[in-house]
Amino acid sequence: MSTSNNPAELDDERLIWAFTQMLRIREFEERVKRTFEEHPGVIRGHTHLADGAEASIVGALATLRENDQLMCTYRCHGYPLVLGTDPRAMMAEIYGRTGGLCGGYGGSMHLVDPERGFMGTSGIVGQGIPQATGVAYAAQIRKRDQVVLCFFGDGASKQGAFSESLNIASLWKLPVVYVMENNSYNVITRVEQEDANAAAGEPLAVKAKAFSMPGVTVDGGDPIAVYEAVWAAVARAREGHGPTLVESKLYRLSAHGNIIAPPGVPLHFPEHEAVEVFGAAEEYEAAKRGDPVPRFRARLVTDGKLDAERADAIAAQVRDEMQAAVRYGLDSPFPEPADAVNHVYA
Amino acid sequence: MAHELPYIAAINEAIQLEMARDDSVLYFGQNLATTENDEFVRAFGHDRVRVTPIAETAEIGMAVGAALAGLRPVVELYMAEFMLVAMNQVVNEAPRFRYMSGGRVKVPLVLKAGYGFTAGWAGQHTGSIYGMFLGIPGLKVALPATAADAKGLMATAIRDDNPVCFLHHYLLTLEPGEVPDGEYLVPFGQAQIRRAGGDVTIVATGWMVGKALAAAASLAAEGIEAEVIDPRTLAPLDTTTILTSVQKTGHVVLVDQAPRHAAASALIAGEIAEHGFSTLKAPIRQVTGLDVTVPYSEPMEAFVLPDDTKIAAAVRQVLGTAPVPA
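So the protein lines, in turn, are chains A and B. Everything in the first sequence is counted per the numbering used here, starting at -18 for the first residue and increasing by one. Everything in the second sequence is counted per the numbering used here, starting at 481 for the first residue and increasing by one.
Warning: the hint list may mix true and false statements.
Simulated DEER-style distance windows between Cβ atoms [unchecked claim]: (1) A:Leu152 - B:Ala599: 28 to 36 angstroms; (2) B:Asp641 - A:Val168: 30 to 38 angstroms; (3) B:Thr515 - A:Glu183: 37 to 45 angstroms.
If you only want the chain B side, here are some residues facing chain A, beta carbon under 7 angstroms, derived [claimed, not checked]: (4) Met542; (5) Val544; (6) Ala549; (7) Arg578; (8) Asp641.
Derived by calculation from the structure, the hints in this document are not laboratory data. All residues carry an ideal CB built from backbone N, CA and C; glycine is no exception.
So here's chain B without its partners, still in its complex pose:
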């Protein structure tokens, strides 16, 4: 059975279910649990649910310590950029402890943060900065695109024995979706094929999944069948599903909201170029954000971001390109 929930409520449902299931799960961060009426406080009490000062290094560093001591903290960071204040804890402490100990300790924690709030939040609250958390051995990165995945990936993140950046897209916050009842886990490293098609492979995450599906719908009217793949986690990355699709279609468009030179699509392009080159019938195309700070004013903001029109144009371009000789 399933029920309909907004994306953000699905995340909360997962945290609540995991906290009920496992009393080692904690939830703390700024501006939460400030009254006794808070639903988390009512359910789990102030030992496990606490408001913190605006002190990201302490919040994340304390999560590392609590995790070392055997607990499973979920840190509410609100905005991904706030992690930049505490980058050392995120990239140079949490993911390295286990390795440097030779496997003697583990650091199970979840850093929950929204990203990509391109709705007039200007330069410092709109970033798609997941690229900064890739290539950090020991760290996992999840980017749910639907309410169901938001629930399932959060539950998996909490049960994972490693630090996880759980990055939810701000523009999906109120997006409703069917969410499975009760315990629901979405495995990490398992991409979802959002739409099947044989002509071109489009890979997209987060808010861009909807843009890719919209592009695919308009392309279908032209007789072009796009396969839309949502990796759901970028670390680990399910290259198998992507390469299998590329083998079928021979054409690739990679969509990423991040600036081109910080985009995960570059990493995916590299994997395809190295492991799927012989199946490509045309060069890979990336549709990414431009290499600029996100501007405030609406027309400029739209200009720097990928959208369904740009994605569809890129698809037409790769399909119109002469095949690469074998």
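Okay, chain A solo, but in the shape it has when bound:
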């Protein structure tokens, strides 16, 4: 698929795979969210959910080959699920247990699974962008035909790290695709309050022009549209023509994260900022009506790719899988306190 201008057709099984992955991300995030209610105190600190981004994540990752790599932000649960990381290990990590993906050293914001190409995250906005660019530099000089996907939010595109990295990636023609997940909010600030392009009514993808690379905007609620846009960018990167900025427009269906509160205050996910801060309930309801998961299911059923019975069976299977992840996480023991001094140095 390296030289064609058209993406490989997603055959029926691949479409159902994509739908299944979207369901898995949604169910995993729902179980994380429910943990706050059902098992208070089990999740500490700050947790960020990817509900609403499932189509974008799965569409983008569907373009990857076995040795490709990616990095993302602290909103990081979706990607490793699609790459094949065990959700039980992920949930145990979020619960701070020894069975966790990172042994309880990292938590929700710092998942990493390098064997599957998931090279890590940064908890600091924008700071993963140069790191992913460095992974792409390594890929370029090793000539292993690898492509790197770099995910970040719209807010990160105002960081110097964004501009510095895109400049170098374009200059050096690095095999990287920058996927900006534009969910219209950075924490509680609306994008038009902090982005000159948005304020001028332009798509954020115009930022690509400053770095002499293609910039495209795509409906991030449509996994096939995201797949096609990212596929073209990946093909371009793999052929040595350098990076692309893909703006994937989506709507984060949960609040930025659970509430920030000192110990003793039960943590929970508040209402979305559209409602909580701006009183824009209709905006949020419209976003819910456009929820990419049921939207894609309906499309597959309408197109005759998937019957309702099979869709329900997949959903049931996914529920069982994530229930097992919760169970595993709760049953996994806490680390020995003194293990805290391990892994400081290699």
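Start from chain A and add chain B according to the hints.
Quick look at chain B alone, frame taken from chain A:
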């Protein structure tokens, strides 16, 4: 066998030897490798040797990424202060990745930067800012004081599987020294006793090592034998060698070019106070830079910095102080 080289050339020799030995070693940064005649470009090509824009966050962040992907980047930063532009990558990304992954990844990289250029470079290019990189678990800090150590510590830094701040002192740049031929490694966390003596322990790093040795020479004329210890790396810090010396001498003068409240000497004083208190015969003295921005004008610059006269005076003071009762 050894050969004589300036300090800065010894560093380059180490980078070249390591790049020849291991093709995963990269060297990139601002204002290097801009022509095909560049010695690094000729030897190793543009894949591994690249000029970057003035973009420290990208340079260091990319080094983190390349290291995560299995390479060993050496980032040329020229001046330690330029790291301040990218402090998040230096202190909050590179050294934390391994830990937060529970040991699943490693980040072998070297941040090469000069510091302490107190030769009229005024307030923003003269700092001895290594204190900012101490107390960052996961990060190592090397400060070579001689050409041989410059070579040996750089080679060790490149082979280390952790991020290392390799901070060379600008005023030592052209200082010649005997440098061992071929592969030469100086282990981290192993202090060097630059001068043996039984009366007082002086600890100093970088440019201050020479000042401490000059003070020791003048004190020797007065019959005072100072032991001068150069930790060579501040993280890890060889407290054993320091405490063993203090046990012998009972008197301590700690020299540090940094402002007093950012000085590594405060950290060393704490270790001695906690683990060597019973061997002290007098209070510890620190001879540090003053808590001011380094001024431009020469007499003011000299005033705020430690020198051999100030070090010798501090030694006389600790030796003249009444013993602390046991």
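Status of the hints after comparison with the structure:
Distance hint check for leucine 152 of chain A and alanine 599 of chain B: the Cβ-Cβ separation is about 34 angstroms, which falls inside the suggested range of 28 to 36 angstroms. For the pair aspartate 641 of chain B and valine 168 of chain A, the beta carbons lie near 36 angstroms from each other, so the given range of 30 to 38 angstroms is met. A beta carbon spacing of about 40 angstroms between threonine 515 of chain B and glutamate 183 of chain A agrees with the range 37 to 45 angstroms that was offered as a hint. At about 3 angstroms, the closest approach between the beta carbon of methionine 542 of chain B and any beta carbon in chain A falls short of 7 angstroms, and the interface hint on this residue holds.
Interface restraint check: valine 544 of chain B against chain A, minimum CB-CB distance 5 angstroms, threshold 7 angstroms, status holds. With a least beta-carbon distance of about 4 angstroms to chain A, the hint placing alanine 549 of chain B at the interface is held under the 7 angstroms criterion. The beta carbon of arginine 578 of chain B is positioned within 7 angstroms of a beta carbon in chain A (closest approach about 6 angstroms), and the interface hint is therefore held. At its closest, the beta carbon of aspartate 641 of chain B sits 4 angstroms from a beta carbon of chain A; the interface hint therefore holds under the 7 angstroms criterion.
In summary, this structure violates none of the numbered hints.
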